[in-house]
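*Asks:* Single-letter residue listing:
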Amino acid sequence: MTANGAPHRTRRRPATRPPASIVVLGALGAAIVVIPLLGLLSRTPWGSLLDRLRDDTVLDALRISLITSVAAAALATVFGVPLAWLLARTRFPGRRLLRAIVTLPMVLPPVVGGAALLFALGRRSPIGRFLDEEFGIVLPFSITGVIIANTFVALPFLVVTVEGAIAALDGRHESAAATLGASRLTVFRRVVIPMIRPSLVAGGVLAWARAFGEFGATITFAGNLPGRTQTLPLAVFTELDADRDTAIAISLLMVAVSIAVLVALRERWWPTDMDSGAPRDGVAQ
Amino acid sequence: MNRVGVAAATVALTLAMGCSSPDDSASTLRVFAATSLGDLLSDLATAFQADPGGAVVDDEVNVDINVAGSSTLRLQLNEGASADLFAPASTEQLQLLDVGTVGEPTRFATNRLVSAHRIGGPPIGIEQFTDTNLLLGACAPSVPCGAYAAAAFKAAGIEPALDTEEPDVRSLASKVAEGELDAGLVYATDVLADSRLAAVELPSSVDVSVLDVTYPVAQLTDAAHPELAAAFIEFLTTADARSIIIAHGFGLP
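Line by line, the protein sequences give chains A and B. Letter by letter, the first sequence follows residues 1 to 285 in the working numbering. Letter by letter, the second sequence follows residues 286 to 538 in the working numbering.
The hints are simulated quantities; they were obtained by calculation from the structure and are not laboratory data. There may be inaccurate statements among the hints.
Unchecked claim - Partial list, computed: chain B residues near chain A (C-beta under 7 Å):
1. E345
2. A425
3. T449
Unchecked claim - Some chain A residues flagged as far from chain B (calculated, every beta-carbon gap over 12 Å):
4. W85
5. R124
6. L169
7. L234
8. V257
Positions of the beta carbon are idealized from the N, C-alpha and C atoms, including for glycine.
All chains should be modelled from the sequences, with the hints used to inform the complete structure.
*Replies:* This is the structure in structure tokens:
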């Protein structure tokens, strides 16, 4: 596991031998992630894998997972980018407190988030009662509830990523556009957004990934019903008790979907050529 | 020692501390118990600790109770978790165990399924579980309370319109108690344990012949403390234990 000598590497990095202690700790760090994945692969029922994934419960869960995670990433973008801009570019009392609160779902146990959503939007809350009585809408135990739970946990990942990018922007471009007569909204749309595009994509992928793997807030707020609110992680949890091989098959499906997305977006998301000076937002693939 | 060395030593020490938990002591009995048994078993454990009966022990007896859905516990045991006793909410979960048990399991308590609703709300019987205008819940079929619920629906000839299948009976009971669900099929003891809940009994067609909710307890073959485990099982059939079981709303087999 030494880092030197790979012929395809073109990075201009000093070719020193890394200290042994760092190699050992780094290898252990990799093992923490790799060993559980090997455990999953070692128990995989390869022969019956496709049949297990063709099961209606699994296909329903895949459909619900894709719909809700994409919807949550979209909502996080629509509301998160303006929020990130406000946090980065404006000064108002309580801004730092608001930023801390917005990032809270990143560290909060998801089940706490789900309980909080239930208390805020459940049928017995003022908002939930209003929605129920006026429109007949009950958010818990619905696919909308899954999307709300996913958005709650995913939003901070987008806000934090995009806010950092906006704060790092050279304000002179915005000033120049404003001097040339662009309205403040036009500056935001035509100057800020294009300049932060790589971070926007990265934040969107992070938010999607967080939503795709969401479990605790979803099961607490939206319940678990196959075909309606059961996402892939919930299906894994339920099947782990009932049919372990199917649970493993679903887990592998999630690993595959996650890897596919990370690979498809690797040029944008992962700064592979950070130290060679090539543009991060280069040609995809 | 350089900084990396200090970091490595810290990691090693943390791991070592994590591995040497107090469970390794000679007198700690480890029980894996169904969610619905949680409160009862902790009271039984307290009584057992005060008077461990014939168990040969030098120092104080501890009882560690790992409470989760029976099927989750069964999975953990099958994957090598170490425990002395397994008390699931159905004999089926004992039969699905891959690891060995000692002798015949002891049936020590019974329960029954009821339809729970929030006090102040309308009572909802199992026959109303077809109503799509109500928010209704049961446990997932993979856990015993869900398997019992499925059997109850079948016996009552009902195709239920469920809104959620909860992973364990406590999360179902609390969603009914919070008013998020109009009703859910839970154990009678869950209703007794929560002052916000009331129960509608299942109809007589769903009797013990289709729905025998009995809690078995079995000693695992690789139990670290076999004498203590046997003593605890014996304690469960004493008059002291039986009065605690009844006080929690369970029945006797």
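*Asks:* All the hints need checking, so say for each whether the structure fits it.
*Replies:* Do the hints match the structure? See the list:
Because the closest C-beta pair between B/E345 and chain A is about 33 Å apart, greater than 7 Å, the hint is violated. Taking 7 Å as the C-beta cut-off, the interface hint given for B/A425 holds, the closest approach to chain A being about 5 Å. Nearest Cβ of chain A to the Cβ of B/T449: about 3 Å, under the 7 Å cut. The hint holds. Against the 12 Å criterion, A/W85 stays outside the reach of chain B, whose nearest CB is about 36 Å from its own CB.
The non-interface label for A/R124 is inconsistent with chain B: the shortest C-beta to C-beta separation is roughly 4 Å, within 12 Å. No beta-carbon of chain B is positioned within 12 Å of the beta-carbon of A/L169; the least distance is around 36 Å. A cut-off of 12 Å between C-beta atoms contradicts the statement that A/L234 is not in contact with chain B; the least separation is 9 Å. Interface exclusion of A/V257 from chain B stands, the closest Cβ pair being 23 Å apart, more than 12 Å.
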